[in-house]
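Trainee: These are the residues of each chain, in order.
There are 2 protein chains.
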Amino acid sequence: MSILETINQPADLRDHSVAELQQLAEEIRHVLLTKVSTTGGHVGPNLGSVELTIAWHRVFNSPHDKIVFDVSHQSYTHKILTGRKQAWLDPDHYHDVSGFTEPRESEHDFFTIGHTSTSVGLASGLALARDDQNTHDHITAVIGDGSMSGGLAYEALDNAAVLNRQLLIVVNDNQWSIAENHGGIYQNLAELRKTNGEASNNLFKALGLDYRYVADGNDIQSLIDAFEAVKDIDHPLVLHINTQKGRGFKPALENEEAWHWHVPFNLPDGSPKHVSTGENYWDLILADLDEHVQHGVPIYAMNAAVPGGFHLKDWAAKYPKRYIDVGIAEQESITLAAGMAKGGLRPVVFHSATFLQRAYDQLSHDLGINSLPVVMLINGGRISGGDPTHQGDLDQAELANIPNLTYLAPTTKEDLIAQLDWALAQTDGPVAIRVPSNGVHSDPLAPDFAPTKMHILHHGTQIALMGLGSMRPLAETVLGKLSAQGIDATLIDPRSTNTLDPEALDQLRGFHKLVVTMEEGTLDGGFGQKIAAYYGPTDVNVLTLGAQRRFNHNETRDALLKEFNLTPDTATQAILNALKEI
Amino acid sequence: MSILETINQPADLRDHSVAELQQLAEEIRHVLLTKVSTTGGHVGPNLGSVELTIAWHRVFNSPHDKIVFDVSHQSYTHKILTGRKQAWLDPDHYHDVSGFTEPRESEHDFFTIGHTSTSVGLASGLALARDDQNTHDHITAVIGDGSMSGGLAYEALDNAAVLNRQLLIVVNDNQWSIAENHGGIYQNLAELRKTNGEASNNLFKALGLDYRYVADGNDIQSLIDAFEAVKDIDHPLVLHINTQKGRGFKPALENEEAWHWHVPFNLPDGSPKHVSTGENYWDLILADLDEHVQHGVPIYAMNAAVPGGFHLKDWAAKYPKRYIDVGIAEQESITLAAGMAKGGLRPVVFHSATFLQRAYDQLSHDLGINSLPVVMLINGGRISGGDPTHQGDLDQAELANIPNLTYLAPTTKEDLIAQLDWALAQTDGPVAIRVPSNGVHSDPLAPDFAPTKMHILHHGTQIALMGLGSMRPLAETVLGKLSAQGIDATLIDPRSTNTLDPEALDQLRGFHKLVVTMEEGTLDGGFGQKIAAYYGPTDVNVLTLGAQRRFNHNETRDALLKEFNLTPDTATQAILNALKEI
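Chains as they are written, first to last, in the UniProt record's numbering: chain G, 1 to 582; chain F, 1 to 582.
What you were told as hints is all true, and nothing was included just to trick you.
If several chains are the same, the list does not tell them apart, and a pair holds so long as it fits within one copy or across any two.
Computed cross-link-like contacts, PhoX-like style, restricted to lysine-lysine with a CA-CA straight-line distance of at most 25 Å: (1) Lys205 / Lys194; (2) Lys513 / Lys580; (3) Lys273 / Lys250; (4) Lys250 / Lys35; (5) Lys513 / Lys453; (6) Lys250 / Lys313.
Simulated from the structure, these hints should not be mistaken for laboratory data.
Please construct the entire structure, taking both the sequences and the accompanying hints into account.
Mentor: Put into structure tokens, the structure is as follows:
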């Protein structure tokens, strides 16, 4: 009988010796690897924090005592120990739990969290509530894995010192962020590791926090001893724990970055189960940028700790001086780019839609007000399904309403490159480009790009269909379905989420009684509402198809598209229904 | 002849001895005080940094060498020395220059900046550009006055160490933020001051930065020596300068916080020229919160370094344990509140519209996804005129499109308190309240508040006027003007910027051919566009009146209201024009 079979709740850990718990750690590593090799998931961060999580649950009493995982992608072991192990043991239940902490799943989880640097602030709030209620539970934040470079972590550490409550801050130092750890602070962590916690300048002590160091963060006895020793300290304390990311899986140890998150793979060599081949937009973008560099354009590719998703590794190797990864520090990625653009460089910043919202003030205040020509390439702006923490349909409401910022939505590779070239040629202000997420499409006949010119693909009457970005193929399909009903609709590629084309819009009047907008984003704050307001005082009716303003939890993308009338059948039906009403 | 009369550009400083420059500092203090006593402005920060600015311009060669002021509200001396002194010497020119650095004014300014913690990132960008172009100019960032608590400053310091370029980072340590300096870092600065820069834990060194200390930051010789010594160092260096906020003006020295920014006042005693009296919304809000505390509701009032604007001083004195000022750390203010709400407390966060955008990710990811019942009271959400860095009309596009977040817009004191009470009674999710900026209005007949119920103030036909928040009085006036034209319009107080009332909206159909929305916010992403989309597929026309999506530079509020058709005459005319078209 395995040890894991005996563990159904954290209290069960107390029935075992430390040696057995060390064995449990290996069993958990095995089930972690077995599942993620099938489903994909965060590999390295979870392999490194198995012992830490076991020891915490052995010493503390969850959920009375509370643990808050930063980012929470390293909470797999926590889930296994708190009644959710079936999701790792039984393939039929592999999708029962999310990849992040989730209060809907368990009383041992307190926040749905998937963005970094949040744990210390959230845990500080729980500590304040505890002291208000005199419940004396112990609060722990677990931060690490690159989260320390985010400004929110600093703001929270700074305030934790002032609030001065019992708060255990575990710095899980696995020596890596998602990509290499960037920034001066990682040098300080390295010095602290080298000196067994005794380095002369200590960031945490400088912030007014108490501090202790654990040299072997994968040794359960050391961890139990450390937790026992600090458990009842009445003030905030940083417990700096040196762990090994990817521990127990050779490929993950050899390439920590590639194994931060991984697609399904073969055990034991780690080769991917499916290899994606063929054209993709990121390689096309980088080839275009390369050409601009060859022509003397001072392009710098920039990124915040996730180069892999944008294929930036080759760029970084070819142009080490033209590549900047600021670490998990989205605010700095934009403010630094603002300064670079002011100095005459052409920074091109690669961001995921969900993370760029962390730089909202910088986009508006630093870039927008100063009209600085930073180019941004946005990944994942789509109706995504899956975890709400990484929901992709909120980017238009975020970016498209910032003054001076142009947010473009290309539909094909020709369009994408034309827009990128235009964005690099102009110096009037920031331009973001929503890179389509629906595979590479081509339209060699696309006209040159001009920022406020829609592309009219087909001239019809009665109905005009506007398929924004990745919704162009849907609009094309709906065009065919309407044609089968005897309606010869107009088809338009708007090309921009937020700069309208008054001339084209005015020309549609008279020949069209209904304009239909289709967008992969929330309707509130989006493209369709801008069109609806434009036609508000006219005789043109507008039907806006897009996502509802809400966080989705377990829905699939397909179910969402259907619900939002963004499939060929549902969209066509919605249009025909609207036509009947007007 | 005064020294100041001889200074028309920075190079003129070189014609003077250090003793004369010290005299110049006193002359500049005099003109600073004379102007701000008439116009209002940032008093303390500018009085403290006079010598620092003189010494920098004496040693460096602006604009070839570049200085970037954080927040830039301490740039008055810089402006006086760089050709703009008339704006302090001649009352007719008092309004010629803005209160912040402004590239439109001078080649010595590089960014329009009014939010904190931006300088190091921006200056790092300039340094990268310099090195790309091999121009060898010296780049300096001046940070301090509370800006060090913002996470962006940390992200930028962290990256500056890694980028490792010539970059002088002046930490202007005047021992104060806007309010008292909060957070562990200020303890470290105090230790560094106490030990003449030799404290055993040094935050800047821990971040991997070189460091030097200047004990008397108001002594020009010391400052010149320090700048000369570090000028050509080829890596990033923090020059920690101990200055005296409010120096040279007794009232400002005695109450540094009150004199950070001040309304017009009488010299020399500092008494205000105009005393505002009478009812105001902030006192009403705090009285209501006080009552809730008396009834056992665990309310915590929270703030990010600007308690004065919300009248929070009395609250803090009465309830020190129920008051939290996180310092200039807007992200932490929301994440901490999220944790507190999860723990069962009822945090009420007071924010200015322009600064809350710094916590966009926290509003969406921490509060929204987790549906945590944090209440936020928003100041300054209005068409503001003046500096674009503090523009007030962007808050709806920011807040109202975040899922799960309700953004209310009361119109009267009864409405405001009813909405606040409702927000505190519910636990479904975050609620922000846009506190009206148009003086205290009263309507004792306002019905109880329910979140998706509009308040129909007058039932008419043909046209329905929706006056959102502070636009209700305008809508009432327009109602009268339309009545004089024989049109009996319907008058509606929508009460919420982002939760529609489908029942009421559907009832308007049939009896109304035009719905007019009036809002003090940008149209893009705002209330009117939501209404326009709602009625898009119907026979109801919609006219949206509000602000254009753009940053305004020198326009007055009155001019903007007129341009945006938000005055009684312009609104009425726009409505009558629209009516003719449909």
